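Asks: If you want the building blocks of each chain, they are given just below.
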Amino acid sequence: MSNLVAISRSSLLTPFNVVAGIIVLLGLIITFLRFTQGLGAVTNLSDYNPWGLWIGFDLLCGVALAAGGYVTSAAVYIFGLKKYHSAVRPAILTGFLGYALVVLALNYDVGRPWRLPYPFIIQQGTTSVLFEVGACVLLYLIVLFVEFTPSALEWLGLKKARNLILRLTMALTFLGVILSTLHQSSLGALFLIAPSKLHPLWYSQYIPVFFFVSSIIAGLSMVIFEGSLTHRYFADKMDAIHLKEKEDVVFGFGKAASFVLAGYFMIKVFGIAMDNNWHWLSTSWGAWFLVELLGFVALPSLLYATGVREKNIGLIKWTAAWTVLGIVVNRLNVGLIAFNWHLPASERYFPHWMEIALSLFVVTVGLIVFRFIVTHMPILYEHPDYKTPHA
Amino acid sequence: MTYDESVCVGCRYCMIACPFEIPTYEYDEPLSPRIMKCTFCHPRVTQGLLPGCVEACPTEALSFGKREDMLHLARERIRKYPGRYVDHVYGEHEMGGTSWLYLSGVPFRDLGMREDLGTTPAPELTSGALATVPMVVALWPVLLTGIYAISKRKEKISKREKEEAIQKAVKTALEQSAKKS
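One line per chain: the protein sequences are A and B, in this order. In terms of our numbering, the first sequence has 194 at position 194, counting the first letter as 1, and numbering is strictly consecutive. In terms of our numbering, the second sequence has 1181 at position 181, counting the first letter as 1, and numbering is strictly consecutive.
Calculated from the structure, these hints are not laboratory results. All of these numbers come straight from a predicted model, not from anything done at the bench. You may find that some hints are simply not true.
Listed below are the simulated DSBU-like cross-link pairs for lysine-lysine, each with C-alpha atoms no more than 35 Å apart in a straight line [claimed, not checked]:
hint, chain 1, residue 1, chain 2, residue 2
1, A, Lys311, B, Lys1152
2, A, Lys82, A, Lys255
3, B, Lys1159, A, Lys255
4, B, Lys1162, A, Lys255
5, B, Lys1066, B, Lys1037
Residues from chain B that keep clear of chain A, each with C-beta distances beyond 10 Å, as calculated [as the list claims (entries may be wrong)]:
hint, residue
6, Tyr1003
7, Phe1040
8, Gly1052
9, Ala1061
10, Arg1067
11, Asp1069
12, Val1106
13, Lys1152
14, Arg1160
15, Glu1163
16, Gln1167
Quick reminder that beta carbons are idealized off the backbone N, C-alpha and C, glycines included.
The task is simple: from the sequences and hints, build the whole structure.
Replies: This is the structure we're talking about:
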């Protein structure tokens, strides 16, 4: 008996569980502080800096990095690239979890979270970009939830409901692409209202297009990045089809990412030309901008292309991780770093450690739920009762 | 401008949007934080009183009235005392024009007031982006259906070609075997 207890204890005390447990505990303490003492006690937000890490990272990066769902389902169901079918479920799952976590983080950031539905039911501010973002994120969260349910229904053995929802696949995919186009771009459009606060190298009329196009890059790269992680940690859960198609996904998505990055590079350059911002490039802000443009856009475009041509899976995977980092750099630049660049250093924002800890908490919650779902539901393998014929 | 606390979610986008950094937030209120900004003492004005600051100011540095009258007053003062004021009414055109108007004896920049804001009202900065929303809603389904139709058709054709190739191969094989026998 004591032996059994020892075994179960040692299997629970894995490094992941211990670290995750500490972070979750810390997150719960910060949650308590936030809702008893206010944002002032746990953040470095100020009247000059009303948006901090929870918007810059949790919202802006979260939404961009959850783009894999719409990108993958569009590739497979609309563009007819069926050989990537096995990538759909993991991508939808991370998309859904990503958006759910964004909404979770928002509940900490906004003043009265229970009023989040107010813009829909009490009073609509249809002239605000934020209304558009809110509406699309809410609708898309619902879409992603419905798209995810077949996995859960197969796990629960509810065959009829599962088949009913599968019939909605095309409609949901269309809706997902439309809603994603709208809110991915609108997240950028939010900053159109503040030309006096966002540095001219990042402020552009094109910023909604920048955000939309880079979300495609983020989606493609996240699918590769995440695929390599799941392959490493959940290989035993993957069936033969997933293992076989995995390489196709890496090469196909890597190639697509290389092309989209090249296009994104061009429109970023056009953005500079449009506003004649060349002279800013010689400043220190310009140097930082070039790090982003050359290091995180041009470079990964070339590396992806090289990786695909030389069939170098390792290179593509590292490039995917680098590109994901680049998206984070871009969103933090727009939301925090190049925002309020005009303020003196004493008024600039740097996150409080509790803001960072809560962001880690949100990510950790995501990882725990992700792990539970992929180890219980048919995400990385096809449920034996529901095999689909493969082309 | 007034503020309706009863519908505020506390997203603080107004603070992001304000180029003059006017709205402030009750960061220490855990559950009922409000945005704080000058409303010209709206409740007092509706009672026919002056805003508190205007009534209290001992040197009458502040005037309150209809915007047009205030602009007129400001221009009149600049005309009368050209040596005392910078020839600019701050707020007349900044970001489309504001309700607060300022006269100053020193350059506004020296007072920490930005002179690079332009004359476009903030809502106009985002109206173009919002206007594309219905276009995307209307045209994306058309575009996506087109792509879907093409990919379906390609699939159909390749399937048919495959079947034809198989039939042909079977036929030749049968013919050959018939010849042999």
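Asks: All hints, please: hold or fail.
Replies: Now for the hints, and whether the structure bears them out:
1. Lys311(A) <-> Lys1152(B): With Cα atoms ~29 Å apart, Lys311(A) and Lys1152(B) stay inside 35 Å; holds.
2. Lys82(A) <-> Lys255(A): Holds. Lys82(A) to Lys255(A) sits at ~16 Å (cutoff 35 Å).
3. Lys1159(B) <-> Lys255(A): Within the cut-off at roughly 26 Å; holds.
4. Lys1162(B) <-> Lys255(A): 28 Å, holds
5. Lys1066(B) <-> Lys1037(B): 20 Å, holds
6. Tyr1003: 13 Å, holds
7. Phe1040: For Phe1040(B), whose nearest Cβ neighbour in chain A is about 20 Å away, the distance exceeds 10 Å, so it holds.
8. Gly1052: At about 21 Å from chain A, Gly1052(B) clears the 10 Å cut-off, so the statement holds.
9. Ala1061: 24 Å, holds
10. Arg1067: Non-interface label stands for Arg1067(B): nearest chain A Cβ at 22 Å, farther than 10 Å.
11. Asp1069: About 29 Å separates Asp1069(B) from the closest Cβ of chain A, which puts it past 10 Å; holds.
12. Val1106: 20 Å, holds
13. Lys1152: 7 Å, violated
14. Arg1160: 14 Å, holds
15. Glu1163: For Glu1163(B), whose nearest Cβ neighbour in chain A is about 14 Å away, the distance exceeds 10 Å, so it holds.
16. Gln1167: Fine: 20 Å to the nearest Cβ keeps Gln1167(B) off the interface.
Figure legend: structure checked against the earlier numbered hints; the only hint not met is number 13.
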